[in-house]
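Asker: Kindly produce the complete structure, drawing on both the sequences and the hints.
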Amino acid sequence: MKLTGAEILCETLTHLGVRDLFGYPGGAILPVYDALGKSKLHHVLVRHEQGATHMADGYARASGGVGVAMATSGPGATNMVTGIATAMLDSSPVVCITGQVSSKLLGSDAFQEIDITGITMPITKHNVVVSRVEDIARTVREAFVIANSGRPGPVLVDITKDAQQASCDFNFEAAAPKLPVKRQRVNYEKADFDRAVELLNSAKRPLILAGHGIMVSGAMRAFEQFVRAGNFPVAMTLLGIGCFPASDPMNLGMMGMHGEAWVNHAIQEADLLIAVGMRFDDRVTGDLRTYARDARKIHIEIDRSEINKNVKVDSALVGDAREVLEQLLPCIERRDRPDWLAHIRELKGDSAVRDIQGLPDNGHLYAAHVINDLWKETNGEAIVVTDVGQHQMWEAQYYHHNQPRSLITSGGLGTMGFALPAAIGAKFAKPDADVWVVVGDGGFQMTSCELATAEQEGIKVNVAIINNAFLGMVRQWQEFFYDKRYAATPMTGPDFVKLAEAYRLKGLRCNKRSDVKSTVEKTLAAKETVVIDFVVEKEDSVFPMVPAGADLDKMIRRPKQDVMLESGSDKDWEMPASALPNVFAEVKAEAAALRGRGQVAKKPVRKAAKTTRR
Amino acid sequence: MAKHTLIAYVEDVPGVLNRIASLFRRRNFNIDSLTVGRTEQPGVSRLTVVVDATEAGARIVEANLYKLVNVLRVDDLTHKPSLFRELGLVKVKVTNQTRAEVLQLTDVFRARVVDVDEATLVIEVTGTPEKIGKFELVLKPYGIVEIVRTGAVAMARGHELLSSAPPLVRTTADDHHPDAASLSMSV
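Residue numbers (our numbering), protein chains in the order written: chain W, 11 to 624; chain D, 106 to 292.
Warning: the hint list may mix true and false statements.
Straight-line C-alpha distance at most 25 Å; calculated DSS-like pairs for lysine-lysine [to be verified]: (1) 470/W to 516/W; (2) 200/W to 185/D; (3) 508/W to 527/W; (4) 322/W to 108/D; (5) 185/D to 108/D; (6) 185/D to 236/D.
What the hints contain is simulated information worked out from the structure, not anything from laboratory work.
Answerer: Right, dumping it as structure tokens:
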């Protein structure tokens with residue numbers, strides 16, 4: 011049967027089980043769009059190609075399968091770059107298909123020609139130009155295998171227009187992937203394994219660092235058995251959240267820059283760290299020179315290039331997390347570790363005093379309250395997609411995820427504007443799930459055009475804008491490290507309620523804690539996408555905080571008194587007792603020198619965004 | 106930091122050198138030399154990369170190279186008995202007085218004169234990178250006009266093959282390879 015390249019592409023995608031794809035048409039991909047119209051595939055028209063890649067990413071992360079994004083050549087392809095990089099840094103299986111000018115024109119700077127494979131080389135797992143119709147089916151199948159095998163990642167397939175238009179015989183079976191065969195999945199020396207077992211069984215104060223890899227390999231069951239077998243407490247990375255229930259007493263919570271204080275203290279005091287499917291990112295370790303100095307380290311990781319990259323480990327078990335954990339399981343001897351677990355409880359007790367959840371309602375609306383109430387009202391069962399910034403950290407701290415793949419967030423790249431499109435993608439992957447977007451007013455404005463996509467597709471995502479009229483996380487850094495000089499962080503925005511209504515969607519506003527519950531109820535009752543403008547306290551900060559590059563246990567903490575009542579005073583946070591790393595001292599000295607030119611340093615004036623709403 | 110020699114077999118497809126160069130740039134690895142050439146197998150090229158790295162750093166370079174889809178196999182020859190060779194062409198100034206001295210040095214280094222004119226000699230020298238460096242040093246006083254070096258190529262001594270090495274071809278799962286079951290696209 012002879013088909014055109016465009017038809018072959020659609021057939022191949024259908025055979026691969028693709029239902030929905032996200033894209034934006036244009037000249038160089040028109041033949042594919044013509045074929046798409048005749049195929050069974052559902053194409054979601056986005057409003058910006060960045061949205062298409064984020065949607066494919068959200069689709070992939072919610073489903074565990076491959077997400078597909080499509081765009082034309084030139085600007086269509088370059089608009090995908092941010093989304094591709096996001097998927098790369100968070101190991102998300104996304105296949106991007108771009109149109110390209112005809113092969114005869116390649117290299118001639120033709121209209122909308124751009125070397126997208128060259129541009130995306132460092133931010134894709136693999137990419138390839140297809141200029142022969144005979145190669146389309148096999149290349150697309152290979153792209154799916156590469157994207158979703160080993161450590162997943164984005165793959166870009168750039169198809170020239172003449173290849174889309176030409177015809178050839180199509181046989182899905184015959185177009186099987188022909189990829190270089192590589193090493194075994196589980197690949198380590200027996201000595202490493204024995205060493206790991208010895209460390210696991212002799213540790214007095216062990217701690218697991220659980221990462222995204224557990225979800226990627228589907229190791230949730232094996233992981234739980236592993237935790238029970240050794241009675242190991244568990245700390246989570248941001249992307250690991252959900253791989254082990256938050257309600258489990260062995261789950262301590264998130265680690266790192268905005269991790270729970272007791273988790274970071276436990277890491278620094280542990281004598282064995284068992285890192286599973288995580289990569290010791292700088293946001294997780296703080297200063298590497300002082301990171302967990304007393305601890306031996308075991309690293310279970312599929313990507314060999316992560317071994318000893320940031321943290322030197324004593325035993326590296328390179329392989330699929332599930333397979334490695336299953337091999338370790340029979341060798342684990344159970345220990346009770348009453349002292350260690352009691353010590354962690356003690357650390358936790360100290361932090362609980364500082365927790366804002368128990369504070370009385372004083373008329374202010376705090377983001378943490380919003381998220382905590384949202385968690386209660388949705389029974390903790392929603393898929394929550396977050397953007398990047400303060401709201402993201404509050405979500406991680408106050409929404410307790412028990413299900414894998416129920417938190418979708420941009421971790422590695424920290425892409426603002428990720429949340430709304432990714433949530434639309436997640437909703438397509440899980441149409442029956444309750445999908446919430448938790449997003450700041452800044453990030454929301456980066457991709458808010460995708461509300462039109464949600465409206466056109468008739469899908470329901472619930473958007474909770476945590477609106478503090480600031481680029482909150484940057485403001486927080488300015489507060490702590492730049493003497494409250496709020497440069498370019500106060501921010502206005504549209505009336506989000508009217509914006510939603512302009513898109514023929516429902517808009518709600520909430521500025522009192524007592525209204526949160528009813529607002530969420532109204533949102534859940536609505537059939538369409540709802541945008542909620544949660545007008546929260548402007549200058550609230552995320553605590554605890556490890557300053558970038560500082561020791562992990564040197565945290566800026568929320569003070570023990572009831573800070574929420576006096577928020578806005580200058581005494582609403584405590585610097586760590588010991589000196590901050592030099593970088594901050596230098597910045598401060600420099601700033602002081604600049605200010606002090608012949609005059610007494612002025613106290614910086616607080617400026618908030620002008621807003622007429624309150 | 107020490108010199109590490111890695112051999113990478115790569116698919117001979119457009120952009121593969123670009124991928125490798127891009128990887129080294131992105132990860133901030135320090136390349137000493139990089140050579141590439143065909144192998145006995147059609148479609149497969151062989152790269153010799155010399156990097157300046159710590160032992161752990163070399164492992165990371167190796168792992169990163171291996172992650173590239175077009176890279177079929179990576180061997181580290183640093184700690185194996187191996188042969189290292191480089192070729193250099195040196196154009197050196199000579200006068201009637203110095204020509205004999207230069208020819209004598211050429212002889213000592215077992216190098217060959219490949220071009221002669223009234224004012225210069227072009228000498229071809231092969232050997233380890235150190236030997237070529239030495240040759241350059243001794244010719245310097247005469248005045249070197251031009252020098253070109255190929256970068257090191259390397260090969261392990263002896264007949265033993267790496268038993269776990271995967272085949273240097275694109276294969277499908279049903280192709281017959283003794284270890285096909287235990288091999289897969291891992292990273």
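Asker: Is the straight-line distance between the alpha-carbon of residue 185/D and that of residue 108/D 25 Å or less?
Answerer: 13 Å, holds
Asker: Sort out whether residue 236/D lies within 25 Å of residue 185/D, counting only the CA atoms.
Answerer: The given pair, whose Cα atoms are some 20 Å apart, holds under the 25 Å limit.
Asker: Within a Cα-Cα threshold of 25 Å, do residue 322/W and residue 108/D meet the stated pairing?
Answerer: 21 Å, holds
Asker: Is residue 200/W within 25 Å of residue 185/D, Cα to Cα?
Answerer: 22 Å, holds
Asker: Hinted pair, alpha-carbon criterion (25 Å max): residue 470/W, residue 516/W. Please report holds or violated.
Answerer: Answer holds: residue 470/W to residue 516/W is near 11 Å, not above 25 Å.
Asker: Does residue 508/W pair with residue 527/W here, judged by a C-alpha cut-off of 25 Å?
Answerer: Satisfied, since the Cα-Cα distance of roughly 22 Å is no more than 25 Å.
Of the numbered hints given earlier, the model fails none.
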